[in-house]
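Student: As you go down the protein sequences, you meet chains A and B in turn.
Residue numbers for the first sequence follow my numbering, beginning at 146 and rising by one.
Residue numbers for the second sequence follow my numbering, beginning at 10 and rising by one.
Any given hint might turn out to be false.
Claimed, not checked - The calculated lysine to any residue pairs, modelled on SDA-like cross-linking and capped at a C-alpha distance of 25 Å, are: (1) Lys264/A with Pro357/B; (2) Lys264/A with His255/B; (3) Lys332/A with His376/B; (4) Lys173/A with Gly281/A; (5) Lys264/A with Gln262/B; (6) Lys264/A with Ala355/B; (7) Lys270/B with Thr265/A; (8) Lys332/A with Ile342/A; (9) Lys264/A with Leu317/B; (10) Lys264/A with Gly290/B; (11) Lys264/A with Gln357/A; (12) Lys264/A with Leu280/B; (13) Lys264/A with Leu288/B; (14) Lys332/A with Arg411/B; (15) Lys264/A with Leu292/B.
Claimed, not checked - Covered by chain B, per the in silico footprint, the following chain A stretches (three or more residues, Cβ under 8 Å): (16) 279-290; (17) 326-337.
Rather than coming from a laboratory, the hints here were simulated on the basis of the structure.
All residues carry an ideal CB built from backbone N, CA and C; glycine is no exception.
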Amino acid sequence: MTEPVLSQAKSIRLVLVDDHRMFRSGVKAELDDSMVIVGEAANVDTAITVVAQTRPDVVLLDVHLPGGNGNGGSDVITGSAGVTSESGEPVRFLALSVSDAAVDVIAVIRAGARGYVTKTINGQDLTDAIRRVADGDAVFSPRLAGFVLDAFGAAAGEVAVIDEELDRLSAREREVMRLIARGYQYKEVAKELFISIKTVETHVSSVLRKLQLSSRHELTAWAVGRHLL
Amino acid sequence: MDLVPTPYELPPSPTGPGERRPVHRLQRPVQGRRLGGVCAGLADHLGLNVRYVRLTFVLSCLAGGAGIVAYLFLWALTPQGLDVTPVAGNEGVVVSRPLNESMRNVVIGLALLGVGGVLFAQQRGVNLRLGVLIPLLTVAAGAVLAWSKLDDAERDRWLVREGVVGRRAGLVRLGIGIALATVGVVVLATQGRGLVGLWNVGIAAVAVLAGAALIAAPWGVRLWGDLRLEQEQRIRETERADIAAHLHDSVLQTLALIQRKSADPAEVVRLARSQERELRGWLYAGPLGSKASLASAVTEVAHEVEDLHGIPIELVVTGDRTLDVGGAALVRALRESLLNAVRHGAPPVSVYVEVGSELVEVFVRDHGPGFDLGDVPPDRFGVRESILGRMSRHGGSAALRRLERGTEVSLSLPVTAESPSAESPSGGRPDTDARPDRVAQPHTEGTR
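With the rest of the complex left out, here is chain B (with noise of 0.2 Å):
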């Protein structure tokens, strides 16, 4: 048999000396921190315990203030880091922060240096005239949350996250922000007259927001299902495209090569199976794992065999798993029981793969004349080495037994159990007849 490589053989880890280390820059660390995350990141950087360098920090201060300039020097210079790892001397409290955190930070910083600003100013004498400014700050303040809060709505629609939670904290802003804007805008407009004038204001600004609604709503209205619909007959549009342009792609091209080859039957059925393959994949490819998962790289070594001999595979799986070393052993054993199914059975071929949490058992079936393993000449490497001693080498069993249509090979690997280094001796493997959950099997063939 060949001992050609199957793509799942796991590269080697990277655990050699001399591996590249990501560049150590200094950074304030968002977990650990106790005011700006300076000392917990020149710790970190150099090397220090933390509580050094805080209390190096809180001396210098006396230092006629020293302290403090350094440490401000540095909070400004110093990116924040992104990384969550835990710093060395954090007690064991994660302090989560949010992201827009510094964007608070800014924020709150504008609003005291305003404030101080004004306090300032008006000690100086000159008159802010603060009945026109407060309520303007008041409007804008809701304006800044209301306005916040819609862009994202509009985020989140994109990225197609919207939880009740956050939608529900979002009304709430949306809310203060909305009530502190019509609080500015009242007051603002009522400035120096009593609540009968306010009565009235209001009226006459709900009446002329009445009518103007009332004019602009129908046009308003179609206008909006004018946009509405363009949008649905673009989306729509472009979805038509890219099908057409995959179906150009795959489908009509192997139409073409079936068209061309159809003298040749084996060949049409491999076409029209892999062409099959590939559209499936394409229609109902969801949410199915990473590559390393092992239900994928079985999946990918079914298809590949039946690729090269044009016989058609029928797998079923059950559960999933990573992909380690034992399982891509697995994986390997599994394509030559494939191989010798193809090439020395006959089809139906099918392949049951159940990943469950102890064990995972394959089943390898076909309907050909049947084989024993004594038949098999000694200088055939093919079932004794890349099946049974394979498995076995990875702590795994594998049996050879003869049904009465054909031949059924059974793979099965712990999952729990480390897996041993290749080069283990070949005693003491477990029996296959040894696990408690195998289905009776009253025939079952030498197997070694």
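In isolation and in its complexed conformation, chain A is listed as follows (with noise of 0.2 Å):
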């Protein structure tokens, strides 16, 4: 997926953060030059004090980690709070997993991060992911979307009225999850729903505010209760 609407000549700082020192090479060895890696960190504690001093762009978190108050990657985030990259931006976090359980991508989302990939990706999807968080949009894996699509009822039909209501999603945003979850990129779904990519962003943008905001009580009863997806 190569979209030339993304910024292509700006540099991503980029901090990694993942116990496995295996993956960060892999992780390393992937990406392409546009993106410089100006940290690493293994443990949550260590993560909070290499964001604060370097100011990276994204940090590409991993959802387990050790440290901290033993919630891994939401521990991060919350410990970075108010942190701002070099660009005067808000620091944006990748969560990447290998977990899948729907209590771990949802608690790290609900903690602030802008999008959840699974460790399976490959170079130039990651690539791609990480320059859309790093120009504030959201980045959702089918997996996610289909998460949402259960935790707000829409694979069942419910719909928001109106489009503020936060417990629900609207019609066209349950449209671009059920896209998404079907493994459309994000350019396939604006074409399929003749819309542009900046729309598509937007909604998935809403749709990740929702998800973070949202008070729907099933949310959290659904994630533990499905333990694998």
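Could you fit the two chains together into a complex? Lean on the hints.
Tutor: Right, here's the structure in full:
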């Protein structure tokens, strides 16, 4: 997925947080030259220090990490609250997980991550996801889209009447989520729905906001009940 | 395409005549009984109206009490039924009785017998020293109540089901038990003495108890702590042994295999993928429902195809329902679509299954060069028969569309409609685009 819309020229300053050194070096090898890795960390406390010192654009964050209060990636996000990148934007977090357990994913998203991808993602897609997050957009994997459809009851046909409703998806957001769950890239979603990529990004960001702010009580219960997806 | 049956064919429904019926034994039903359930059980057993049976018993009582004797005889010899099916003649009154009712009956019976025996003995002039006996009995009753509470608590802890209501009831019982026992002990201790004597005895008892507790406390606490520690360690060791055994049987074996087959990248990927899945299932396996659910059948099919061809399949499922005949057909069509995607398309292959309240939708997407149905030679049955035909036979529909990159097969099956028999005519299937909540489809290919 290469998209001309995204800013190609700007290099992105990146911090890798993962407790597996092998995985960190694997990611480093896969990313292209536009990514500059300014720091690495293997646990929550080092991660918070490194993020505060280096002020990166994006933090690639493993969901499961030792240290902190025992909440892994979520602790890094809460511990780095208020830190800005060198260009003055807030530091953005992209969660990267092998676990796929709904509880972990929902927790790290609700803590403030801008997106979630699985560790099996290929290099090109990871690069795109990082760029997107750096631009302030949200990144949803098909699996996360499936989580969202399930958790908001959208799969069962519940749709918000007004867009501002926090506990349900709007009809358009549901369509976007469904297409992402079907494996469509943002570009393909845009083409399918006759809207611009920017509009797709707006919809996804709004879903992310709902996921972070909604007090929908089923959300937590659902995540706990669903150990594996 | 092969027509190997998948394991998701439903077994034929067991409605044939001559199916074995459960042996019908005379039992006293729990529901619909008036006294001991003898009449209800007898009526059920003989296929008679329960009212006539009851009337017969009542009338036969007039004949020198024969009915009573017969009733007691049957009551003693007939086991209580465990099934909760309502009995004919039951006026819709559902009487729920706790399982330990018989236990309670026995206790009450014994108590009545005891009281009767005591009264009888007293009448015959035997001095039973009721002043001692009654406090003793009170202590015993209190102890039984308290101990049964402890027993319950232990059982609950093992079964991990501590309802708040149940716990409160248990505490009340424990309190009553302790109070009873205390009163009994005090009355026993103050035989023939007044309240002042009671006071003195009470103070002395408390002082002795407090002293003993003070001396024994540190020792008891340490003993308790040691015991807990030892228990925890043992549990942890058992868990560790379990994990080690599992890892040895699965991960280590796979790692050894991977080392041996390191020259074959496809095989290595396949091994790693299936091992990952297995480990994930072991780690996160939760209450995911029975085997016969649509979601688990879909997952199993995706894994099967993945194993068969070593191409990863990204599967997303939302919602779930039980697997019926239509669902089984959908799963088979999905399998065929996946095989197509894996053989003729290119990875990544993604599957999205949405189980809604009215419609089950499945999307299979690959990133291959794509193909039109018109290009498929008519002698190839895979797409036409196994996917399109199968779906329409079960009241659903299937569509094939070519994307810029790859092909997408979409299957849909209405949930509410009864699945018609497999031989329904192929005409008159619902059109794919007639569905209300369908995502806009600007370039749908000819579907059939």
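Student: Please go over all the hints and tell whether each is borne out by the structure.
Tutor: Now the hints, each set against the structure:
At most 25 Å may separate the alpha-carbon atoms for a hinted pair to count; Lys264/A and Pro357/B meet this at roughly 15 Å. For the suggested pair Lys264/A and His255/B, the alpha carbons sit about 24 Å apart, so the restraint of at most 25 Å is met. Among the hinted pairs, Lys332/A with His376/B is consistent with the structure: their alpha-carbon atoms are about 15 Å apart, no more than 25 Å. Restraint check for Lys173/A and Gly281/A: the C-alpha separation of about 22 Å stays at or below 25 Å, so the hint holds.
This hinted pair checks out: Lys264/A and Gln262/B have alpha carbons roughly 23 Å apart, not beyond 25 Å. Distance hint between Lys264/A and Ala355/B is fulfilled; the C-alpha atoms sit about 20 Å from each other, no more than 25 Å. At most 25 Å may separate the alpha-carbon atoms for a hinted pair to count; Lys270/B and Thr265/A meet this at roughly 21 Å. Of the pairs offered as hints, the one joining Lys332/A and Ile342/A holds, with about 6 Å between alpha carbons and a cut-off of 25 Å not exceeded.
With a C-alpha separation of about 23 Å, the suggested pairing of Lys264/A with Leu317/B holds against the 25 Å cut-off. This hinted pair checks out: Lys264/A and Gly290/B have alpha carbons roughly 17 Å apart, not beyond 25 Å. About 22 Å separates the Cα atoms of Lys264/A and Gln357/A, which keeps this hinted pair within 25 Å; it holds. At roughly 17 Å between alpha-carbon atoms, Lys264/A and Leu280/B fall within 25 Å of each other, so this suggested pair holds.
Taking the CA atoms of Lys264/A and Leu288/B, the gap is about 16 Å. The hint holds against a cut of 25 Å. At most 25 Å may separate the alpha-carbon atoms for a hinted pair to count; Lys332/A and Arg411/B meet this at roughly 16 Å. For the suggested pair Lys264/A and Leu292/B, the alpha carbons sit about 17 Å apart, so the restraint of at most 25 Å is met. Residues of the region 279-290 of chain A lying with their CB closer than 8 Å to a CB of chain B number 3, which satisfies the three-residue condition for coverage.
Counting residues of the region 326-337 of chain A whose CB lies closer than 8 Å to any CB of chain B gives 7, so the stated coverage by that chain holds, three being the minimum.
When the structure is compared with the earlier hints, no violation turns up for any of them.
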